[in-house]
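Asks: One-letter residues, chain by chain:
There are 2 protein chains.
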Amino acid sequence: MIHLKTTESYIASMSLSKRIPMFLLRLLALGAAISATIIMLTSHDSAQVFGMKFEAKYTNSPTFKYFVLMNAIASVYTLILLFLPSKSSFGHLILVLDLIMVLLLDSSISACLALGQVGKNGNIHAGWLPICDQVPKFCDHVRGALIAGFIATIAYFIILLYSLHNVMNLFALKN
Amino acid sequence: MIHLKTTESYIASMSLSKRIPMFLLRLLALGAAISATIIMLTSHDSAQVFGMKFEAKYTNSPTFKYFVLMNAIASVYTLILLFLPSKSSFGHLILVLDLIMVLLLDSSISACLALGQVGKNGNIHAGWLPICDQVPKFCDHVRGALIAGFIATIAYFIILLYSLHNVMNLFALKN
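Here the protein sequences line up with chains A and U, keeping their order.
For what it's worth, my numbering labels the leading residue of the first sequence as 991, then goes sequentially.
For what it's worth, my numbering labels the leading residue of the second sequence as 991, then goes sequentially.
Hints in this document: simulated from the structure, not taken from any laboratory.
Being a predicted model, the structure only gives us computed values, none of them experimental.
For each residue, glycine too, the CB sits at the ideal point set by N, CA and C.
A portion of the hints provided could be inaccurate.
As the list claims (entries may be wrong) - Chain A is faced by these chain U residues, among others (derived, beta-carbon under 8 Å):
| no. | residue |
| --- | --- |
| 1 | 1037 |
| 2 | 1093 |
| 3 | 1119 |
| 4 | 1158 |
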């Protein structure tokens, strides 16, 4: 059974039936990454705690800023790829860039989740109080951004698996 | 210029000169992942704050527990692979598992870094005070675990690039 392809023929043979799912996946990733960026950018809420005004926004933490930056980078990168001619000869470079992209998105969402968990539940051992009761709108935005970022990450993970599968049959019984 | 390989011949042609760097990279990843696990597991410090005993250990946060779990999984996985016969026929599966491993390690270290940043600098907006002045030994351990975890992640990233390079020449000018 011949189920393999040399990489020389990889790009050339990217038939329409293979390019359409890839295009749709990139479109999904683009929508999710842009949504994540915008939802996080617009996250804002304020509350009065003990008479002091407490304002919550994404710039309050370097982790949220990192999340915005990574999702913005993913958006721009995906946008460029969508307009790249399909017969482009950067197949390998794109595979490596896709890998880096999924790692950056994975990293940004994990960092954000760790911080969000403290924001939601606090940490009694460290004396950090939860803040979501005070600024529920901010927490809702962060939650929304995390969901969108998660979809972008999953989309990129599938893009990567799909690219690998196009280069070599991942589901072959042997190999 | 023939610089390509079909995947059929991938495993069979994994010559000694290619298996030795891979073995060394896995050995590095194993050492780093085991170190990260042990350093985090043994992180412990306590302090008296306002007359109350404050104890810092990794079980205080789900993020640190997640870090320990992921590095333990990476250790066991790497150990199994080191003892797997070199002529094994799970090439593609291992590539995908390596990808998942680098994503899990990346995720655990990013989450831990986000939490560590709050532990070190606090967050004035959320009213979270830094804790590293009170429990410096704990913070040193977390820092050490993060460095070891980072080395394991980088090792797995290189393992992945190297595996991809063995399947298809990543640095070919064309493609």
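Asks: So which hints don't hold here, by number, going up?
Replies: Violated hint (a single one): 1; every other hint is consistent with the structure.
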